[in-house]
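Student: Residue numbers (my numbering), protein chains in the order written: chain A, 1 to 320; chain B, 321 to 485.
Mixed in with the good hints there might be a few duds.
[Claimed, not checked] Below, a list of computed lysine-lysine pairs in the DSS-like style, where the Cα atoms sit at most 27 Å apart:
hint, chain 1, residue 1, chain 2, residue 2
1, B, K449, A, K51
2, A, K6, A, K148
3, B, K386, A, K139
[Stated by the list, open to error] Selected chain A positions facing chain B (in silico; Cβ < 7 Å):
hint, residue
4, S7
5, C69
6, Q76
7, I80
8, Q84
9, C224
Since the hints were made in silico from the structure, they are not lab data. Don't be surprised by glycine CBs; every beta carbon is placed ideally from N, CA and C.
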Amino acid sequence: MEGYIKSVVLDTDEILQTYNDNPLDFFKDKKICLFKACLEYYYPGIRTCLKSMLEDFDLQVSTSLEQSCCSGTFLQRNLITRAQFAAINERNIVSINEIADILIVSCNGCYLSLLRGRKFLNSKDIREKTTKILKEFKKDILFSPKLKIVHILDFLHLIREQIGERLKYSLNGLKCAVHYGCHYLNLLLDKKDIHSFIAPKNKLEDILTILGGSIIEYQERDSCCGWGASQNVIHRDEALQITFNKLKSAESAGAELLVTNCPTCLYSLNKFRDDMKDLFGESPQIPAVHINELIGVLMEYECDKYCIERILPLIEELKI
Amino acid sequence: MATKNESKNNWDFFNRIITDVDENWNIIQCISCGKCVGDCPASKISDFNIRKIVEKVLIGDESILKEEDIWYCFLCNKCSKICPKEGINIPLFILSLRNEAFKKGYNIPQLKKYVKMCKRFLENGTVMKESDLPTERIEEIKKICEFARIKYLHKASKKNIGIEE
Chain A
1 MEGYIKSVVL
11 DTDEILQTYN
21 DNPLDFFKDK
31 KICLFKACLE
41 YYYPGIRTCL
51 KSMLEDFDLQ
61 VSTSLEQSCC
71 SGTFLQRNLI
81 TRAQFAAINE
91 RNIVSINEIA
101 DILIVSCNGC
111 YLSLLRGRKF
121 LNSKDIREKT
131 TKILKEFKKD
141 ILFSPKLKIV
151 HILDFLHLIR
161 EQIGERLKYS
171 LNGLKCAVHY
181 GCHYLNLLLD
191 KKDIHSFIAP
201 KNKLEDILTI
211 LGGSIIEYQE
221 RDSCCGWGAS
231 QNVIHRDEAL
241 QITFNKLKSA
251 ESAGAELLVT
261 NCPTCLYSLN
271 KFRDDMKDLF
281 GESPQIPAVH
291 INELIGVLME
301 YECDKYCIER
311 ILPLIEELKI
Chain B
321 MATKNESKNN
331 WDFFNRIITD
341 VDENWNIIQC
351 ISCGKCVGDC
361 PASKISDFNI
371 RKIVEKVLIG
381 DESILKEEDI
391 WYCFLCNKCS
401 KICPKEGINI
411 PLFILSLRNE
421 AFKKGYNIPQ
431 LKKYVKMCKR
441 FLENGTVMKE
451 SDLPTERIEE
461 IKKICEFARI
471 KYLHKASKKN
481 IGIEE
């Protein structure tokens, strides 16, 4: 991993070496901040359930009042330059670094933006431009911030045994299909390290097994959700074909629930069901949920009604 | 416009792409194996074919900038992951092509669907309707984006100069 990225990514393997019995101990004296993803607006349970769980574990949790959108969507359409993108993300890191030691990111897109912004800094030209922008606000690039960033899936996987001990409900063999999302499965950063690159990515399956689910393999497991850098906005009808194929594939394999780790993918997998009926004459019925929401419901935390509507009918009978 | 059969390639186009992003130099390693096309979501729903696009850039055929194809890329990184070559970063390469297309004034209608999101980002600091970001931070974002295309869209949305919401 290159310098600017390596210095900001939480090394979960290192934590396991020291805190193998209870990785939560590593976080006990740390201040944790939750990154606010835009699409959480539609699914507030993604953050509230995670916050409830962390508080239940007696951890210190906050969100940053100064954090802005990661601006990934604008970079993808060339509406901002790489230096502007790096500055927006570095500015967020600077703010959060002041109030926290660990930043948990529950969205693949935001996670990629934070890391991609850091990657751009390896270019001298972009680094100089970003420095100039940040200087205007009396801020500077942090080469080695105390803040460490961790993807939600890496974090939940690290503490999965401890999560399992707190469950009030079990999925009781419910057939679950997983959706990781392209920006988790296909991170180019992994290509630098052959072991991470060829290793199977199955953390979501591991977590769901602990929650009591049984995993259903399906053909389109690794395919895109259809959002595809706002293709659902730009070429909606075509992009929905990808979403439809994914949902139908999971349904046909017998899955009763589709679990993801990204709010953007979740939006794409849930939002357009009626449009699918118009376009393809059929609307897939399989509910899709974010892993944070699912854990929240299984731990009996207070959830928003959208979350309850999607999950609760499935687990009414499953109380441990 | 150069064609494949012409003996002399036009490298101007390729040079512009690598001036935009150094890493794009790596596309010269492409061996046209087509693995990138095999599992590409955009190829399933459109004429987007990354192998052909790379080939066209390498022979200096700029017609791809006018076509809709480059706007179908999902930026999902699958192609880069499966590519047998080490340093080919297709999403960044596509972003550079989109950048060139913008510079030439092609595909501006693509921006229409982004007006609302740009407006919210510059006025709220988020792409959602509601935000609790302090005014000073919103001012910072506006300043960071001062000379960006996003600002053009924001102005356009206020003046209503033909770009729809």
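Student: Run every hint past the structure and note whether it holds.
Tutor: We went through each hint and held it up to the structure:
Between K449/B and K51/A, the direct Cα distance comes to roughly 23 Å. Compliance with the 27 Å bound is thereby established for this hinted pair. At most 27 Å may separate the alpha-carbon atoms for a hinted pair to count; K6/A and K148/A meet this at roughly 10 Å. Annotation: proposed proximity of K386/B to K139/A is violated, straight-line Cα distance about 40 Å (limit 27 Å). With a least beta-carbon distance of about 21 Å to chain B, the hint placing S7/A at the interface is violated under the 7 Å criterion.
A hinted interface residue such as C69/A counts as satisfied when its beta carbon comes closer than 7 Å to some beta carbon of chain B; here the least separation is about 5 Å, so the hint holds. A cut of 7 Å between beta carbons decides the hint on Q76/A: the least distance to chain B is about 6 Å, and the hint holds. Interface hint at I80/A: satisfied, since its Cβ lies 5 Å from the closest Cβ of chain B, which is below the 7 Å cut-off. The restraint placing Q84/A at the interface with chain B holds, with a minimum CB-CB distance near 5 Å, inside the 7 Å limit.
Taken as an interface hint, C224/A checks out: its beta carbon lies about 4 Å from the nearest beta carbon of chain B, inside 7 Å.
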